[in-house]
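Novice: Take the sequences, apply the hints, and build the full model.
Protein chains: 2
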Amino acid sequence: MNLIQLAKELNLSISTVSKALRDSHEISITTKNKVLAKAKELKYEANPFASSLRKQKSKTIALVIPEIANNFFGLAISGIESIAQEKGYHVLIYLTHEEVEKEIAIINLLKNGRVDGVMISISSQTTDNSHLQELKEKDIPLVFFDRVAENIDAPKITTDNYYSGIKATEHLIEKGCKRIAFISNSATLSIAKNRMNGYLDALKKNGIPRDESLIIYCSNDEKANNLLIRDLLKRKDRPDAIFSSVEKQAITCYEICEDLRINIPVDVKIISFSNLKTASLLNPSMTTITQPAYEIGREATSILFKIIEKKPLNLILDKTIFQAALSERNSTKGKEDAEFKNLSKAYHWFDSRNKKILL
Amino acid sequence: MNLIQLAKELNLSISTVSKALRDSHEISITTKNKVLAKAKELKYEANPFASSLRKQKSKTIALVIPEIANNFFGLAISGIESIAQEKGYHVLIYLTHEEVEKEIAIINLLKNGRVDGVMISISSQTTDNSHLQELKEKDIPLVFFDRVAENIDAPKITTDNYYSGIKATEHLIEKGCKRIAFISNSATLSIAKNRMNGYLDALKKNGIPRDESLIIYCSNDEKANNLLIRDLLKRKDRPDAIFSSVEKQAITCYEICEDLRINIPVDVKIISFSNLKTASLLNPSMTTITQPAYEIGREATSILFKIIEKKPLNLILDKTIFQAALSERNSTKGKEDAEFKNLSKAYHWFDSRNKKILL
Chain C
1 MNLIQLAKEL NLSISTVSKA LRDSHEISIT TKNKVLAKAK ELKYEANPFA SSLRKQKSKT
61 IALVIPEIAN NFFGLAISGI ESIAQEKGYH VLIYLTHEEV EKEIAIINLL KNGRVDGVMI
121 SISSQTTDNS HLQELKEKDI PLVFFDRVAE NIDAPKITTD NYYSGIKATE HLIEKGCKRI
181 AFISNSATLS IAKNRMNGYL DALKKNGIPR DESLIIYCSN DEKANNLLIR DLLKRKDRPD
241 AIFSSVEKQA ITCYEICEDL RINIPVDVKI ISFSNLKTAS LLNPSMTTIT QPAYEIGREA
301 TSILFKIIEK KPLNLILDKT IFQAALSERN STKGKEDAEF KNLSKAYHWF DSRNKKILL
Chain L
1 MNLIQLAKEL NLSISTVSKA LRDSHEISIT TKNKVLAKAK ELKYEANPFA SSLRKQKSKT
61 IALVIPEIAN NFFGLAISGI ESIAQEKGYH VLIYLTHEEV EKEIAIINLL KNGRVDGVMI
121 SISSQTTDNS HLQELKEKDI PLVFFDRVAE NIDAPKITTD NYYSGIKATE HLIEKGCKRI
181 AFISNSATLS IAKNRMNGYL DALKKNGIPR DESLIIYCSN DEKANNLLIR DLLKRKDRPD
241 AIFSSVEKQA ITCYEICEDL RINIPVDVKI ISFSNLKTAS LLNPSMTTIT QPAYEIGREA
301 TSILFKIIEK KPLNLILDKT IFQAALSERN STKGKEDAEF KNLSKAYHWF DSRNKKILL
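Protein chains in written order, with the numbering used here: chain C, 1 to 359; chain L, 1 to 359.
Just to be clear, a hint being listed does not mean it is correct.
One copy or two, either will do: identical chains are not told apart, so a pair holds if it fits within one copy or between any two.
[Unchecked claim] Below, a list of computed lysine to any residue pairs in the SDA-like style, where the Cα atoms sit at most 25 Å apart:
| no. | residue 1 | residue 2 |
| --- | --- | --- |
| 1 | K111 | K310 |
| 2 | K277 | N226 |
| 3 | K38 | K136 |
| 4 | K59 | L109 |
| 5 | K43 | K136 |
| 6 | K178 | Y44 |
| 7 | K87 | N112 |
| 8 | K248 | R298 |
| 9 | K40 | L135 |
| 10 | K277 | L326 |
| 11 | K204 | K335 |
| 12 | K102 | S18 |
| 13 | K277 | A325 |
| 14 | K248 | L326 |
| 15 | K102 | Y44 |
| 16 | K32 | L233 |
| 17 | K32 | L42 |
| 18 | K193 | I166 |
| 19 | K136 | I321 |
| 20 | K40 | A105 |
| 21 | K87 | H97 |
| 22 | K277 | H97 |
| 23 | K138 | L3 |
| 24 | K178 | L326 |
| 25 | K43 | D139 |
| 26 | K248 | E295 |
| 27 | K43 | N112 |
| 28 | K248 | D221 |
| 29 | K248 | R329 |
No lab work stands behind these hints: they were computed from the structure.
Specialist: Next up, the structure:
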């Protein structure tokens, strides 16, 4: 049943029926009721594409992210979807798998106006932002969250990455660490640079010299990442702490420590940016810097809808910055902490029996 | 720049320009080249909705799932997206948050032909399937995965839930357990019923009587779930093992055990269906039944595209059943296992010092 058939059944013009269905003031109430009754009787439903074409609205927003099996993005999507559902909008999800070629292909698809707005967290490979600039030039509403392109004039929802980098590093210094390694996932992403600058400035402030050999850049190749971290932990002058700016690599550190029988926190302390729900249940429980992922998703979406609906934004320099929280747990306990003795004793107790550490 | 303006610039009819852009045989090569050159010069891009309307194809599939911050669905989506990207399709994601009302509202949106096909994992509340039947009646390609509606004639991609239920329960019985609790998330979902039937049949086969007080049904209310599990673990006649058919509730069990200072596996053993990446790093490492989530996502999508492309399916009874794998870890170690002594000794060593168990 399409509009033409419906008009025929009613013995009215297509234009009249269409206007009646859209509740136009040009049509009398009697006619409207007649049309609606017949539409219901014949189970007529508007074709969503025809309707989108007429209104020039797709009622759809696109979300472009590096990966989905990731706790930060999982929570952010829940936040995004909660706002979209309130607004009666559909959400298209695209994954770049951290590849800039895929990101460009996706943005090219979106340039034609398939969606009313785009939310993006850029890939770790993205350095040239011209594909994103083109989206901007097409006047398609655009909002960045978490991994933002600094030089593009669009709202950016982030965490206080620089300050979090300082906080995490100073936490390790307070626990007595002097050789602190840093794991990054990009030399170019502003989020990664901000975290690393926080790390470097905290070292400087505390009179600890910068050591390039303690800075590790991970890539998309998990095997290579594993080797890099394994080499770091096998060195004679092993670091006494690792600050991972990527949750995934903190997990890799745990796995390698278990394998090499390196005790966390006695031999090496670990802190990581993470939204892992099980951080407190790990062996040992992991100290984390946690971003408010759900809230970041909601805020980015609210701002996108303000742009779509042409409402005022009131953003200072286009930025909204959320605070991350440091949760201290056993993976960074130091000699001064009461729990450290137990953690250390248990370690030696097991070790003296020359058994694999199982607990 | 739209089609009308482009035609005007070329001094040709809209119909001719449209046909030229679609490479119609009715138009000469000279005209086609002229139109394409002008379209490129003026940066004309086809409106995707007009194009979808013409082709009656949206190049979009919908994915309807209960939640996204869940390791099984995160991995399944990666699999789904990998096939959709190969096919040049867009993926719309809808979350039901385990609420049947939301599921019905989403399916009603999708009934109008916005997408070329639908993949769904139904909510734990869904008992009446008439909304899904309506989708079927509209001839919209439909595939179920993981949580399927048994009585609807559509392909279903699942795991061997009944056999996995037997396997998990027999594993606990082998480890000496006699009072095994079972945690379910639905009394009606076939996936939950199959897992529970496996549990019940394994008990029966091993001469262990069914105890209704050891079967717990969780809901959407996490506070209530926490209380139910806490009450179970506080009972004098506490179970000696918990088989959780839901990953989320296994995590809750771990949290409550830590809080109540109940030792896993000495006091209670735990096994769970889970795709948790950190299962092996938990304290203690968790024995899991793991579904091949990524492969399930890929297979469901491949079958959906076969239906969309009207290719033969060759499915027996509409079903594809994947095997789940049991990974034994420390949370189910028994007296016979070498590691159990260590786990138990460490426990008493800590306990004798009357300290909170920290490791």
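Novice: All hints, please: hold or fail.
Specialist: Taking the hints in turn, this is what the structure says about them:
no. : hint          : result
1   : K111 <-> K310 : within (19 Å within a copy, 30 Å between copies)
2   : K277 <-> N226 : both (23 Å within a copy, 15 Å between copies)
3   : K38 <-> K136  : between (44 Å within a copy, 24 Å between copies)
4   : K59 <-> L109  : both (17 Å within a copy, 12 Å between copies)
5   : K43 <-> K136  : between (41 Å within a copy, 16 Å between copies)
6   : K178 <-> Y44  : neither (72 Å within a copy, 60 Å between copies)
7   : K87 <-> N112  : both (23 Å within a copy, 19 Å between copies)
8   : K248 <-> R298 : both (24 Å within a copy, 23 Å between copies)
9   : K40 <-> L135  : between (41 Å within a copy, 18 Å between copies)
10  : K277 <-> L326 : both (14 Å within a copy, 23 Å between copies)
11  : K204 <-> K335 : within (23 Å within a copy, 53 Å between copies)
12  : K102 <-> S18  : neither (41 Å within a copy, 29 Å between copies)
13  : K277 <-> A325 : both (14 Å within a copy, 23 Å between copies)
14  : K248 <-> L326 : both (18 Å within a copy, 24 Å between copies)
15  : K102 <-> Y44  : between (39 Å within a copy, 23 Å between copies)
16  : K32 <-> L233  : neither (75 Å within a copy, 63 Å between copies)
17  : K32 <-> L42   : within (15 Å within a copy, 42 Å between copies)
18  : K193 <-> I166 : within (12 Å within a copy, 51 Å between copies)
19  : K136 <-> I321 : within (22 Å within a copy, 46 Å between copies)
20  : K40 <-> A105  : between (42 Å within a copy, 18 Å between copies)
21  : K87 <-> H97   : between (29 Å within a copy, 17 Å between copies)
22  : K277 <-> H97  : both (23 Å within a copy, 18 Å between copies)
23  : K138 <-> L3   : between (32 Å within a copy, 17 Å between copies)
24  : K178 <-> L326 : within (20 Å within a copy, 43 Å between copies)
25  : K43 <-> D139  : between (38 Å within a copy, 15 Å between copies)
26  : K248 <-> E295 : both (21 Å within a copy, 21 Å between copies)
27  : K43 <-> N112  : between (32 Å within a copy, 11 Å between copies)
28  : K248 <-> D221 : within (12 Å within a copy, 30 Å between copies)
29  : K248 <-> R329 : both (18 Å within a copy, 22 Å between copies)
Checked against the numbered hints given earlier, this structure breaks hints 6, 12, 16; the rest are met.
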